[in-house]
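Protein chains in written order, with my numbering: chain A, 13 to 383; chain B, 13 to 383; chain C, 13 to 383; chain D, 13 to 383.
Read the hints as simulated data drawn from the structure, not as lab findings.
There's no promise every hint is true.
Since the list gives no way to pick out one identical chain from another, each pair is judged satisfied if it fits inside one copy or across any two copies.
Under the rule of at most 35 Å between Cα atoms (straight-line distance), these lysine-lysine pairs were calculated in the DSBU-like manner [unchecked claim]:
#	residue 1	residue 2
1	Lys358	Lys166
2	Lys166	Lys289
3	Lys358	Lys289
4	Lys191	Lys289
5	Lys358	Lys191
6	Lys62	Lys358
7	Lys191	Lys166
8	Lys62	Lys166
Note that the coordinates shown come from a computational prediction; the quantities given were computed from them, not determined experimentally.
4 protein chains.
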Amino acid sequence: MTETMLAARMHHVGEPMTLDRVPLPEPGPHDVRVTVRACNIVPNLANILKNWTTWFPQNPLPALPAIFGLDPAGIVDAVGADVHGFAPGDRVYVNPGRHCGDCLACRRGEHINCTSYAFSGYFGFTASAPRMLDRYPYGGLAEHMIAPQYSLVKLPDNVSFEQAARFGYLGTGYAALRKARVGTDTTVLINGISGTLGLGVALFALAMGATTILGTGRDRDLLTRVEALSPNRIRTFSTLDGAIDTWVRQTIEGGVDVYIDALGPGAPHEPFQQGMKSLRRGGRAVNIGATAGEVPIEVHHIMDQQLQLLGSCWFTAGEGQDMAAMAAAGLVDLSIFEHITYPLAKVNDAINGVASRHGGFSNFIITPDEK
Amino acid sequence: MTETMLAARMHHVGEPMTLDRVPLPEPGPHDVRVTVRACNIVPNLANILKNWTTWFPQNPLPALPAIFGLDPAGIVDAVGADVHGFAPGDRVYVNPGRHCGDCLACRRGEHINCTSYAFSGYFGFTASAPRMLDRYPYGGLAEHMIAPQYSLVKLPDNVSFEQAARFGYLGTGYAALRKARVGTDTTVLINGISGTLGLGVALFALAMGATTILGTGRDRDLLTRVEALSPNRIRTFSTLDGAIDTWVRQTIEGGVDVYIDALGPGAPHEPFQQGMKSLRRGGRAVNIGATAGEVPIEVHHIMDQQLQLLGSCWFTAGEGQDMAAMAAAGLVDLSIFEHITYPLAKVNDAINGVASRHGGFSNFIITPDEK
Amino acid sequence: MTETMLAARMHHVGEPMTLDRVPLPEPGPHDVRVTVRACNIVPNLANILKNWTTWFPQNPLPALPAIFGLDPAGIVDAVGADVHGFAPGDRVYVNPGRHCGDCLACRRGEHINCTSYAFSGYFGFTASAPRMLDRYPYGGLAEHMIAPQYSLVKLPDNVSFEQAARFGYLGTGYAALRKARVGTDTTVLINGISGTLGLGVALFALAMGATTILGTGRDRDLLTRVEALSPNRIRTFSTLDGAIDTWVRQTIEGGVDVYIDALGPGAPHEPFQQGMKSLRRGGRAVNIGATAGEVPIEVHHIMDQQLQLLGSCWFTAGEGQDMAAMAAAGLVDLSIFEHITYPLAKVNDAINGVASRHGGFSNFIITPDEK
Amino acid sequence: MTETMLAARMHHVGEPMTLDRVPLPEPGPHDVRVTVRACNIVPNLANILKNWTTWFPQNPLPALPAIFGLDPAGIVDAVGADVHGFAPGDRVYVNPGRHCGDCLACRRGEHINCTSYAFSGYFGFTASAPRMLDRYPYGGLAEHMIAPQYSLVKLPDNVSFEQAARFGYLGTGYAALRKARVGTDTTVLINGISGTLGLGVALFALAMGATTILGTGRDRDLLTRVEALSPNRIRTFSTLDGAIDTWVRQTIEGGVDVYIDALGPGAPHEPFQQGMKSLRRGGRAVNIGATAGEVPIEVHHIMDQQLQLLGSCWFTAGEGQDMAAMAAAGLVDLSIFEHITYPLAKVNDAINGVASRHGGFSNFIITPDEK
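Please build the complete structure, drawing on both the sequences and the hints.
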């Protein structure tokens, strides 16, 4: 008798998900099977489901019907023959990034630059990404999922599954800060600091030792709440009150060392441009936001002032393991998030509900073992 | 009796230079005096003299009347009390970059990121740059000049003064390649490869071991001449024949590792945009060209594909010394340049004449000791 | 009917190999099967077979009877279901390095720092390495072998299988030069420059743009032959004629930027110590040689002069692919090697014969398809 | 009438200092004059004065009679004509490092690798260092001193002069941690954690985000006091209780990422060797301690395990400014030090008294304005 499991699947683009009973998958030799205990409903999921095929046709979805779900956490329940580092019972976060293993980037160890890089349960980044989505057609919106051993992050006891399901957005911020070489010798500007992405950037910039963190957003109440995380090191500014670069240069003579764009979909171009103009000579910008379209950028200014504009896409499982160690050591405080949980059967409610969240402090989570 | 020297000076913006007799300057404790033997008339000089105050008011000119001249080479004829590494008789190139020594960037050893960084005999990069232009008001269009010891590059015997006077544009290319981490693991695209700047990028990319160098320009004859520098490793394409990124992706599967923009003033935006789209996932672009205005750039694409867009401004005297060692070792062939020389008295002819040069192979040089 | 193949195997430590007929292995989903066309008999193989279990008990051999053979090249003849980048008919070098995929180093993309890192057909580097040797119990001394896709290097047409079978020692040199950040701004000292390892370091240092390469050894004829590779950039010195550091400091004022130790087993400690003393302030040393035992090192001198002593173990398949591109572009000349070939049946003769080679120019190769 | 000042000077090697009245020096164009308010009596000063000429003859002392004093802090009271970044009244720490400005390292911006690098008021690092000691013959054991603008660190209000006079040992630790690339992805072992040097390493490793800090020493009471700085992240071990590497590997599976040697003069070789054996595969060691003589090191182990042994000498004024920003932001707590102050007239008492200090928590300070 074949075992089965429940999974939420989208059958056609833009349609609500249905709860389907599908065969319980078996792990391959390098894979593990995870009992999903929490999966994040990230704010962008609704866009992926409805608009991605038209907005970003170069970013293919998984073959439909598909199990979506970007950021799962749970318990290993079975392992393949060649898995040595993980065992049933391990509490893990599953990094959804999938790489092919044989392109030049993979053979260099630059997994995220894989020419077939894809997010299981979300979408792919290149024309050949469907090969990875076909190989691992499992997102976190199901009772179980299969994941390669290279994607796992072992969780410390003081990180809950709900918190771990936030690792995707947190890790995106962490990796951006690393690319910008943020440390004890840097000041940082974060556009969108009170959002789901920006709040994580702030938390990890604090842990990495940034001496001053400037943050912008619109909602003054949320900004005040962010400042309270470290009154000594965080200062915020509402874009309703003026231009970002004017404020930055008034606050730090010469400008900031690093600018991280963490604004969400639909952001206008001005904050991005003002962020670039907030940099000191020799400063670095990293884009992890959703600012869309062609942003007019003075490349002559970038040259003259030796600026850098870096793209950063997600984070590695190794970086995820570092984040787990940081949480275990008390370097980041994940207790600031409130978790709004839904059972798997209410996944469509959760996807719709996330739009009404109150800034980045809210975490929308599916808990498949909840009935 | 005060000694004097001849110097070409501009008295008012846009006016021709006049040949003036001025006092022979004495070096300060950390300075040397150089008898100028060759000074490059770089293609952009006419723009600096006529248009800079309106095009780039944030980049101040030296106080007028001023001795211009960006790229001098000559012989040390006097040294200050604290100079130990150079002595009268040394053949040198003078890097025009001047830094303050006490801003944070300077105290970190990042001299080009100095908040008062300026080019002696050319212009400054920030509002406080005039302090450096006032401290070193000497360009190369004179019989002698004062330069700080930190700016000197000792020349090997096999580099002529005329060749050394090319170091500015060559070094700009070299530093850009270094920022892009070009080496034996990289392919490179150079926009404007047959120009004064691009040709130097190609020469140094060859020396640094780039396996394949793709170059674009317009003039097919010049492009053929560039290909002949290394038929095995250089391939070129005229932008008259189509889109750059289409050609690049047909030539190298997945795109290039590195893209260097070396186009001159007045370049349209399309080649820059096509250069960005020519990069492989994880690729790096460096801008050292003169593409002006706000270039529409898809920052979402930069993020998704983990691209980098880096600005690079000039090069250090240390990098200049490395270039001298490369020339001494035969790693770069500086004999490819033809030198069109003028005496100091004909400096205005040289400035006008440079516009009619035939690509980057021509080198317009003032030789102040020529009568 | 099960297919079979011929393989040379060692049944007990120190015994000669026997030619055994064994089952033809099938590739797993991420693996390929390669028809071996050339496998290097590296100079150290005799030590591995006879002495490793006593010299380096922390470095486990494969379970006996075992197929040894470190550096194979051949033709892909079958591929697993998840292999996309390679296909039957591809000419490849097989990097013998095997990593687990799930330790922290692997999840960071630092494959060589894997806590179970092992060389298929040779030995492992840690107590847990046998798991990798058991998973891939195939060296190159057989008609066929199984290798993971991540280990392959696609060969250009101008690299023969015999030359490719040299990639192990060449790549070890290349990776060392990369760790030392050798480029156009560096001078290099190579101890053991005329040996199997040192000669490769010299070839790749030339390609990477090192301006001056100093090499030491004993045999003056061999040193003269090495100098002839680039009379302009290579200078050599016989250790029979004095101390290395004295010669280096006479040749390059202040010392060299980089020192690579490539001496073979049995080397005395003095050359290593003299190499360290040959470095300029801020210089870097990389050890890839076989100098054994505890070398007395003045760590206070390392501190005072800001020196670095770096260990480098082998090279990645990505670096191997870069080497292939360098060979294709003509950046390294692999035609300098002479190949002494043996059929598989004479493997013991080859292992004994390698001791009588004449410096690093000789390449001892098993060609399993030769009858 | 020439103004004068009081200065403590040593007239002959090993003799006590005498309090001399000497002319008040005037700053050169790039220099400032500082009224010294605090100067550290570092534990090694007695060795410098008595033993350096025999222990390390390659490290020249300043010409006698000389004003010693490595780590001064005070108030700028006069500035030279070319000083723009500092003004009378500024509270500053004076980094004693002096570089020539025209050697290749200086022209690269690598000031500490200067071929004439010297510590004003202490000693030089090379045969040509006396030129720098002659140029700046001023240590901190005087009422005033001259310092180049490049050596200054502006102090925030919350850092006292006594605390700033500790910056030398703190900065040595900070720079070592930076060379080791310590951050939120690293565990660190510090040998000598309770000493004057090691305690600073611990403080800054905490600020830089190291997740776990292991420290060794002898005195169990002092180790307990160090652990109390961060009970969650610091663990200590007395070398009286066993071998360091055994303890480290029991505590962190696979070993530590980074090992910093901060042991004082007279340390035996075993702790250094055990530190090297405590590193994980791919780990980095940095030596800033005083372990003397030739330490037997297995270079084959360094190669096999891809270890790095890095020397680090002091820190730049830029790094000092970062430390000041860290203190201002509350990232390091400098209140843990107790200050034992002496007037200038009692300098010999202070030098003798430092030997009886109780670990790194004690700070012996000369306060020249104290009567």
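Here is what the structure says about each hint:
Taking the closest pair of Cα atoms, lysine 358 and lysine 166 come within 35 Å of each other only inside a single copy of the chain (28 Å); across copies the shortest separation is 50 Å, beyond that limit. In this assembly of identical chains, lysine 166 and lysine 289 lie within 35 Å of each other by CA distance solely across copies; the values are 26 Å between and 40 Å within a copy. Taking the closest pair of Cα atoms, lysine 358 and lysine 289 never come within 35 Å of each other, the shortest separation being 44 Å inside a single copy and 42 Å across copies. With identical chains, the CA atoms of lysine 191 and lysine 289 are at most 35 Å apart both within one copy (19 Å) and between copies (21 Å).
Taking the shortest alpha-carbon separations for lysine 358 and lysine 191, neither the intra-copy value of 38 Å nor the inter-copy value of 51 Å comes in at or below 35 Å. With identical chains, the CA atoms of lysine 62 and lysine 358 are at most 35 Å apart within one copy only, with a shortest distance of 18 Å there and 66 Å across copies. Both within a single protomer and between protomers do lysine 191 and lysine 166 lie at most 35 Å apart by alpha-carbon distance, with minima of 23 Å and 29 Å respectively. Taking the shortest alpha-carbon separations for lysine 62 and lysine 166, only the intra-copy value of 33 Å comes in at or below 35 Å, while the best inter-copy value is 41 Å.
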